[in-house]
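K.L.:
Protein sequences appear in the order of chains A and B. If you count the first sequence from 1, position 273 lands on 285 in my numbering, and the numbers rise without skipping. If you count the second sequence from 1, position 230 lands on 267 in my numbering, and the numbers rise without skipping.
Incorrect hints may appear among the rest.
Claimed, not checked - Taking lysine-lysine and the PhoX-like style, the derived pairs with C-alpha atoms no more than 20 Å apart in a straight line are:
1. K189/A with K91/B
2. K244/B with K128/B
3. K320/B with K189/A
4. K320/B with K149/A
5. K159/B with K149/A
6. K128/B with K253/B
To be verified - Selected chain A positions facing chain B (in silico; Cβ < 10 Å):
7. S97
8. Q148
9. A296
Hint data in this document are derived by calculation from the structure and do not stem from the laboratory. Note that beta-carbon positions come from the ideal geometry of N, C-alpha and C, so glycine has one too.
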Amino acid sequence: MTQRVNPLYHSVSFTFALYWALLPSLLAAPFILSAAEEEFDDFAGFSDVGETESTSSEPWLRGSLSLDLARQIGAPNRWVRNGVSTQLILDRETPFGHLYAEATGLYNAAYRLEKDPQAIIDRYEADGLLREFYWQKAFAQFSLSVGRKMLVWGKADMLPVVNMITPQDRSAALFAKPEETRLGQDLIQLDWYGNGQQLNAVLIPQPRFNLQVNSGHPYATLFSDSTDHIKDNDVEYGLRWNQQLPRAELALIAGHFANRDPLFDGFEQTHRASDVLALSYNRAADPFLFKTELAYLPQHPTQLFSRQGKPQVEEKESYRAMLGVDYVSQNYGRWIAELYAEWPSVTYPGSSAKTSFGLLAINWSEQYWRDDLLLGATVMFFSDLENRVVRLSSRYQYDDRWSLNGQYNRIDANGDSFLLTPLEGFDRLDFTLSYNF
Amino acid sequence: MFKLTFSLLALSLTALPLHAAPSARQIMQQSLDVNDGSSRYSQARMMSCAFVIKKGKRKCRSKPRLKLTESLGKDVGAEGKDSLSLSLILKPSSEKGMAFLQKDYDDTEKDSEQWMYLPAMKKLKRIVSETDDGPKTGTLFGSELAYEDIEKHHISDSTYALLEENLSYGKRTVWKIKATPTEKFAPKTSYGHSVVWIDQQHYLPLKIELYNRQGKLAKTLLQQKIQQIDGIWIAKRMQIINHSNQRMSLMVTDKLALNMDVPDGLLESRALKDSNYRETQMKALRMLAK
Numbered sequence: 013m014t015q016r017v018n019p020l021y022h023s024v025s026f027t028f029a030l031y032w033a034l035l036p037s038l039l040a041a042p043f044i045l046s047a048a049e050e051e052f053d054d055f056a057g058f059s060d061v062g063e064t065e066s067t068s069s070e071p072w073l074r075g076s077l078s079l080d081l082a083r084q085i086g087a088p089n090r091w092v093r094n095g096v097s098t099q100l101i102l103d104r105e106t107p108f109g110h111l112y113a114e115a116t117g118l119y120n121a122a123y124r125l126e127k128d129p130q131a132i133i134d135r136y137e138a139d140g141l142l143r144e145f146y147w148q149k150a151f152a153q154f155s156l157s158v159g160r161k162m163l164v165w166g167k168a169d170m171l172p173v174v175n176m177i178t179p180q181d182r183s184a185a186l187f188a189k190p191e192e193t194r195l196g197q198d199l200i201q202l203d204w205y206g207n208g209q210q211l212n213a214v215l216i217p218q219p220r221f222n223l224q225v226n227s228g229h230p231y232a233t234l235f236s237d238s239t240d241h242i243k244d245n246d247v248e249y250g251l252r253w254n255q256q257l258p259r260a261e262l263a264l265i266a267g268h269f270a271n272r273d274p275l276f277d278g279f280e281q282t283h284r285a286s287d288v289l290a291l292s293y294n295r296a297a298d299p300f301l302f303k304t305e306l307a308y309l310p311q312h313p314t315q316l317f318s319r320q321g322k323p324q325v326e327e328k329e330s331y332r333a334m335l336g337v338d339y340v341s342q343n344y345g346r347w348i349a350e351l352y353a354e355w356p357s358v359t360y361p362g363s364s365a366k367t368s369f370g371l372l373a374i375n376w377s378e379q380y381w382r383d384d385l386l387l388g389a390t391v392m393f394f395s396d397l398e399n400r401v402v403r404l405s406s407r408y409q410y411d412d413r414w415s416l417n418g419q420y421n422r423i424d425a426n427g428d429s430f431l432l433t434p435l436e437g438f439d440r441l442d443f444t445l446s447y448n449f
Numbered sequence: 038m039f040k041l042t043f044s045l046l047a048l049s050l051t052a053l054p055l056h057a058a059p060s061a062r063q064i065m066q067q068s069l070d071v072n073d074g075s076s077r078y079s080q081a082r083m084m085s086c087a088f089v090i091k092k093g094k095r096k097c098r099s100k101p102r103l104k105l106t107e108s109l110g111k112d113v114g115a116e117g118k119d120s121l122s123l124s125l126i127l128k129p130s131s132e133k134g135m136a137f138l139q140k141d142y143d144d145t146e147k148d149s150e151q152w153m154y155l156p157a158m159k160k161l162k163r164i165v166s167e168t169d170d171g172p173k174t175g176t177l178f179g180s181e182l183a184y185e186d187i188e189k190h191h192i193s194d195s196t197y198a199l200l201e202e203n204l205s206y207g208k209r210t211v212w213k214i215k216a217t218p219t220e221k222f223a224p225k226t227s228y229g230h231s232v233v234w235i236d237q238q239h240y241l242p243l244k245i246e247l248y249n250r251q252g253k254l255a256k257t258l259l260q261q262k263i264q265q266i267d268g269i270w271i272a273k274r275m276q277i278i279n280h281s282n283q284r285m286s287l288m289v290t291d292k293l294a295l296n297m298d299v300p301d302g303l304l305e306s307r308a309l310k311d312s313n314y315r316e317t318q319m320k321a322l323r324m325l326a327k
């Protein structure tokens, strides 16, 4: 599962880009008399404008309440979300540092409506997740974070190569809310900031892996229940150096990270860690942003199968690469295209062994109606044009608190894609009505 | 065609000699040299709504949309002509934590550099802009201020004509100037011409009318609530009325500080994602703001 950046943010970015340019106009009125102030001191319709709004009254707690409806409209045709969910964010500056926590909770009646096994109903009907909970303290040139935190080191938006630190939530297969696709890692992070440079060090004593649902769940995968059989749990660590260049950025990464998904080693499953050397680079040339990520894994645990079909793990020299471009058009919205390749590829039981694997993702988004309506479309090809996911999304912002999201996912698989074939028939329609507070 | 930007309307504290009647171009030239301080901090609100006219007055048809923002900037470079700015969204809550950093260069050959922090994705992202082949699309915060309204412009973008020399505008005496974009600049703007009311005593722009290419009034901009902050006079409210879609926006600066010391680190990418660092450093600036 890959992650998609909410295109809303790209649009908002322009808002910020030009916001500051407005300020000179506010500073542009020398020596007007108080009489003139009275003449033009008219809100002209904004009758409920208060005198000031101070940041000191900002609440510690914010979040959202949502009504979620999602129906699988392929085969089987069934409810996959039917209930309510909430996101709570505690964001507090204290004299001792910054405290941040983010938790999600949901009630989903879909399993009961579809008469799923009682064990699945009991486990998933009401669920909660602590995605992040960390303390952070900044010093002159250093910053220290301890706790559960998401850490994003890559430049890619949809097909990351070097985002190997933060695990993914795979409990829903297709997410209507992109921000729910990631999970925090329990870590200690030390950052150093210099002149245009950053050095980030991370230590993960007990790694967390991609979240899978149990067998029997509609989105169960061959990894389901894998946590029962983990035979190793290596400490992870990594170092990133990032240099800002004129209209470009270069990052070098070295680390020792585990497979976030398990590999099959006989009857056991493993997340065995291995060394990683990576590079990420981007360069802006308006209206384009060119992005690349490269990774070299000298002894990467790779899934293999014996002639008898017995799974085994063998360490192999491996490579991964991403090439991408962002494009902003005056008339045709914002575009992101990313191409990902890995070789040799990890293979899984039931899939044909391939020596390489590729992905191509293309995303378009545009805002309308004074930014109240956001439309987006994404198509992702898995190795060839016949294996693809098409996603259409929309977001309508009714006011500052209420919004309605809609999303349609169509999955086409020709049977030989180990990532996509298990999801064949999972075409899905999502609606989410949210209230933000 | 001329798109009269707010930045272009910024007038210098240095008044023109009173014994010589300035030309329209001279008046507009002064706006490019505005004294807005070498550094600045502000908290501002942008409210927008569709309006109806009742008893001759515009009223919001529904509760206005609100963006509460906090911004920081300073002039940098050899002659202080480049600038760095940091902007944060405080409200609405669904966008809180979004932060934006921009580097602008006086050299027209160098494009601005922009970064955005996306709190929902925990990602710092470099972003790019459209090309300059035509008017910038979109509006600021979903308001009635189009991006092209707030772009930087040069005096050479337009030609200027003095329509009226001693016009009364409220209790003020103003010049009324028409600005028309040059042939070269016309494709980059959606406006056909603009008319500006400028205070004769202090060279202040008090009102701007923006006309579309067909000559129809598209927008009216008003500057209001003039106050002196840290020795510099500023307009703390700006109203934008869009006549073509019956919507209006009001930008209110609630707090402002000028010419204060701004730590360099607050205008680097660290400030976007290191919340504790940013908040610790900004505490002192907030206390200075009035």
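K.L.:
All hints, please: hold or fail.
P.N.:
Results of checking the hints against the structure:
1. K189/A with K91/B: 42 Å, violated
2. K244/B with K128/B: This hinted pair is violated, its Cα atoms lying about 29 Å apart.
3. K320/B with K189/A: It is violated: about 34 Å lies between the C-alpha atoms, which goes past 20 Å.
4. K320/B with K149/A: Cα-Cα ~15 Å, so holds.
5. K159/B with K149/A: Roughly 17 Å separates the two Cα atoms, so the pair holds.
6. K128/B with K253/B: Roughly 35 Å separates the two Cα atoms, so the pair is violated.
7. S97: It is violated, given that the least Cβ distance between S97/A and chain B is near 15 Å, above 10 Å.
8. Q148: 5 Å, holds
9. A296: The hint holds - A296/A has a Cβ within 10 Å of chain B, the shortest such distance being about 5 Å.
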